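Chemist: Each chain, letter by letter, is given below.
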Amino acid sequence: MEAHKLVKMANEIATFFESDPDPAAVHEGIAGHIRRFWDPRMRRALLSHIDEQQGDGCKPSVLAAIAANRDNLTPA
Amino acid sequence: MYSVKEPDPGTPERKSSEQVTLEIDGRAVTVPAGTSVMRAASDAGVRVPKLCATDSLEAFGSCRLCLVQIEGRRGYPASCTTIVEPGMKVRTQSDPLAKLRRGVMEMYISDHPLDCLTCPTNGNCELQEQAGVVGLREVRYGFDGANHFKQAEKDTSNPYFDFDPAKCIACSRCVRACEEVQGTFALTLHGRGFESKIASGNTDFRSSECVSCGACVQACPTATLVEKSIVERGQPDHSVVTTCAYCGVGCSFRAEVKGSEVVRMVPDKDGRANHGHSCVKGRFAWGYATHKDRITKPMIRASIRDPWREVSWDEAIAHAASEFKRIQAKYGRGAVGGITSSRCTNEETYLVQKLVRAAFGNNNVDTCARVCHSPTGYGLKTTLGESAGTQDFDSVEYADVIVVIGANPTDAHPVFGSQMKRRLRAGARLIVIDPRGIDLVRSAHVEAAHHLQLRPGTNVAVVNALAHVIVTEGLHAESFVKDRCEQPAFDKWKAFISDPRHAPEVTEEVTGVPAAELRAAARLYATGGNAAIYYGLGVTEHSQGSTMVMGIANLAMLTGNIGRPGVGVNPLRGQNNVQGSCDMGSFPHELPGYRHVSDPAVRALFATAWGVAIDAEPGLRIPNMFDAAIDGSFRGLYVQGEDIAQSDPNTQHVTAALEALECLVVQDLFINETAKFAHVFLPGSSFLEKDGTFTNAERRISRVRKVTPPLAGKADWETTLALAEALGYPMHYDHPSQIMDEIARLTPTFTGVSYARLDQLGSIQWPCNETAPTGTPVMHIDGFVRGKGKFVITEYVATQERVTRRFPLILTTGRILSQYNVGAQTRRTANNTWHHEDRLEIHPHDAEHRGVKDGDWCKIVSRAGETVLRASISERMQPGVVYTTFHFPGSGANVITTENSDWATNCPEYKVTAVQVSPTGEPTSTWQRRFGEFSEQQDALLPQTDPPPR
Ligand code: SF4
Ligand code: SF4
Ligand code: SF4
Ligand code: FES
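First to last, the protein sequences are chains S and D.
Each residue of the first sequence is one higher than the one before, counting from 1 in full-length UniProt numbering.
Each residue of the second sequence is one higher than the one before, counting from 1 in full-length UniProt numbering.
Just chain S, with the same shape it has in the complex (with noise of 0.2 Å):
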C-alpha cells in the first residue's frame, strides 16, 4: 500500500477527531477509526512507515494516537 495515501487518510481523519476538545477523545477516536475500518494490511503499513521513515507527513495527532494505542493497532 502505497504510504502516502495511508498517510493522507490517516490526517483526513484525525482532522475530523482533532475538533474535540478533549485529547484524549482525539487520539481515542483516531485510533478507534483507524482500528474498525482498516485491513491489517493498511494498518502494518502505516505502522511500518511511522517505524521507517519517522511517520513522516504524518500530523503530530495521529502520531500520538498510533503511539498510544499500538498495541491495538498492530495485527495479529
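Possibly wrong hints are sitting among the right ones.
Said to hold, decoys possible - Computed list of chain D residues with no C-beta within reach of chain S, every gap over 10 Å:
hint, residue
1, V20
2, G334
3, Q453
4, Q487
5, F490
6, K492
7, G619
8, D627
9, S633
10, V797
11, H849
What the hints assert, rightly or not - Some but not every residue of chain D turned toward chain S, in silico, with C-beta under 8 Å:
hint, residue
12, Y594
13, H596
14, D599
15, P618
16, N624
17, A628
18, D631
Calculated directly from the structure, the hints in this document are not laboratory data.
From a predicted model like this one, the values you see are computed outputs, not experimental measurements.
Ideal placement from N, C-alpha and C gives every residue a C-beta, glycine not left out.
Got chain S sorted already, so can you dock chain D with the ligands onto it with the hints?
Modeler: Okay, now just chain D with the ligands, sitting in the frame of chain S:
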C-alpha cells in the same frame, strides 16, 4: 388504462376517522367520510358506469355517465362528484337513468371510429366496455358531423407510446394525470364538445415538456394514448407483481406478460412506495433485458488480450474457483475478495458476502454504496444509531417544510419527486440547498422559498451556519434535546456551534450563500412546523460527506424534527437495492445488520450458522482493493453486477488495478467496462428472471418475482451457489425464500420477514420483529436506536481539491431522468432519445470568457486526467461551476474525477473536481481515443453468436 384485471372504484380512497353509512341499491355500506358515492357503490359491489373518473384522479364530473338518483334530491347527480352522507339512499339503476346513460354513450360513440376489431386495446377499452354496460344498441346521429377522427393526425414521436387523437373522448383524464399524479402540466384540453382537443403544448410529445412518465397513458380509457409495445405485441394474458430494478424509490409494478414475453409494465396501485405511479425508466425502459448485447453463455480466457472462449457453466465455475484457490495458496487468504451488487436482490447480495466470508475466509467484500451512501451509513449510525433513513415516503404528506440538500428528486427519484411536488402544491414550503438550479427551485406550480446556492464543497459550512442561527436565536427544541439526546455531547456541541465563526455573515465568504437568505431558511426550518430533510449524493460524495450527514442529523435533533410523520432525515438512495446491499453485510467491517466483525458474539452467531470461523479483522474497501491490487497483495476479484471501471473515480487508476489482477470474475448482463478486464464472464440474470427482494430508500422490502426464465439458464443466486460449492463451501438453498429465512434468523431487524409475510403484507419496512410485527414506517419514535441521540462536532474543513489559476473551475457531477447511473441498462433502450451523450453544462459567463459556444467540443482537464465533451450553455450553473452527467463510458467523466474521498468511509469526492475548460477542435482526448481502441479490440475478442431469442 389499468391492467387487465384490476378493479377501479373510480375515485381516490379517503382516510377519515369518521365513518358514514348509506344505502346503495338497497345494500347498506359504510365508508370513510369524504368518499364519493361512486366509490361507496363499488365497495357495495355495485359498478356505476363511468368514463371520466378513475381512482388515481380527483373526480371531475364531465362525462355524465355515472348519474344516479338519490332519495329526496332532485335530478340526477353525478356519483363521482357527490360525497356520501349518512342515511343517503342511492339508486344506480332505473329506466330514466338507463336512458340518460345510453344518450350520453351515443354521443361519444358517434364521435369515435368504430374500428374496434383492429384497435390495439380491443377487449381492454373502457369506452367499449361501458357501451356494453349501458346497453347501447344504436347510434342515431350518424358519423358525418364534426368529429375528432377526421381532423386528427397520429403523434408517434414518443418512443414508447402513441397519441391517436381520432380516438379521444376528451375526458381529460390524461391532462389531470399529468397535473395531479406527475406534476408536469405538459397537457392541455382546448375547445369544447366535438372541437375539444388534447395538446402537448404547441409541439409533439417528444419535444414537449412531457417526461414520459406514462401516467396519462395509464389514465386514458381508450386507445388514444397507448403503449407502442401493446400496439406491436398485443394484449397481455397475465401479470406478475414485481419491483422496479432502477432507482431507490422501489416502485411496485405489474409486469404484464403474453406467454413468456413482457408486453407492458404497469405501476401497481397497491404499491406503497409509488401508489400506482412510475417514471419513464421503470415503466418503459425494460427492453435491455432482451437486448442483443446480452451475453448468455459463460466465457473464460487466460489473459485480457486473448479471445473469449464460450464454455459450459461447470467449466467456467470450476475455472474461477481453481484460480481463486491458486491465488490464495500463493499470495495468502487476503489476496482475493468480492463486490456485491446494489442492483441484485438482497438474497444474492447476502450470498456473495457469505461466499467471501465463509469460502474465501476474509472480509474483503464491498459494494457500490462505497461510492454513494457509505457516509450515510456511518453518519446516521453514529448520531442516531441506525444506518438508514428515518421515514417512509408517505411521511412527506405531513411535512410543512421540506429541505432538499444535494439531491434532484425530479430526475433521480422521479416518483418520489412527484409526491413531493404534490405536497408542495398543497402548501408546504421548500428550501433547496444545491449549487445548481435544479428543477424544484422553480417549476410548474412549485417554487422554493429559499435556494441556498452554495459553492460545491461547502456543505458543512452551510449546515453549521444553519445550526448556529437556530442555537443563537434560541429556536431549538430544548425539551426534545433534554429528553432524547446525550447531554454532555450536546453541551460540547453547543459551545462549538455558538462560536461566531459559524455565523452566516462569516461563512458567506466561503459558501457564497447570502447571510440573510441563510438566516431566513434556518428560521423557517426551525419554526415552520414539521420539517423534513431529504438529501442525496450532493451531501455524501464529498471529502466531508460523513461530517455533513452528521451535521444534518444534528439539525434534525436540535429542532425535534425526528420520530414522527412529516419530519426526519431521509437519504434518497440511488440504486434500487443499495439500502438492501448495505443491510445484507456488504461492507468489509460489518456482518449483516450492521454489526462489526470485531464483535465476538456476532461472529459466534454467524460462525455457528455457517459452520466456519469468521475473520475478526475488517477487510478492504473498494478503493483499498485497487491500491492493494497495484501493490500486488490483492490478485483476485469476484464482481457481481457492478461496473467499477466506469463508476469509480480516477478511471486510469482503476483500470491499472483491474489489469493487475490475475483473476477477475465478472457476473453481469453485458460486457460492461469492467468485464473488458475480466478472465471469467458469468452471465447474469435481469430482475425479470429471478425471485428475491429489494429494499428501497425507505427500508421497504418488496418482492421481486420471476416473470420469465433466466436467459442464460441460471439466476444470479444460483451462480453464486455454484461458485461457493466449487470453492469447497457448498450452501444449500432450493429457493431464495430460504435465504431470506436465514437472514431473518441471523438479523434482529429482520426476524419478522419471510416471503409468506411479504405476500401477506405486500411489503415490509424493517425493523420487523416481535416489537414491530408489520414493520416500522417511522423510526426513533420514543427513543433513538442507540438510546440517546448524539450530537457530533462538525468542523468545516475545506477540501484539498482547490481551485487555482491552472484549474479555476469546479466540476460537479449528477444524473438525468432518462438515464440510470453507468447507463448499462438505459443506454440499451429508447431512453437515448432524450439523452444520447453526456454534456458539459457551463454558465454563459464562463463560456464567453473562454470563447465556448453551445454545442462546441470542450477539453476538460483536471489534476487526474482530461476528456472532451460538448458544451451546453446553461444558467442553472453558477459562474465558476461546471456540471456533467456520467452515463456514457466514452465521456470519461471519471477520468477527471480525483481520488480524494470522504475521511470516514473513502466515498469519493465526485462532486468537487478543480478543472480548466477550453474549446478544442478535437472531439476526443487521448484517453478517449485509447478507450475507443481498447473497446474495439475487446469487441473483436467476443465470440460471434446469434442474438438471444426475444
Ligand atoms: S407521459 Fe407523463 S409527463 Fe408526459 S404527458 Fe403523460 S403524464 Fe404528462
Ligand atoms: S387522450 Fe385519452 S385520457 Fe386524454 S382526453 Fe382523450 S380519451 Fe381522455
Ligand atoms: S426508476 Fe425509480 S421512480 Fe422510476 S419507476 Fe423505477 S423505482 Fe420508480
Ligand atoms: S364518471 Fe362521473 S361524470 Fe364522468
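Chemist: Taking each numbered hint in turn, which are not upheld by the structure, reported in ascending numerical order?
Modeler: When the structure is compared with the hints, numbers 2, 6, 7, 8, 9, 10, 12, 14 turn out to be violated.
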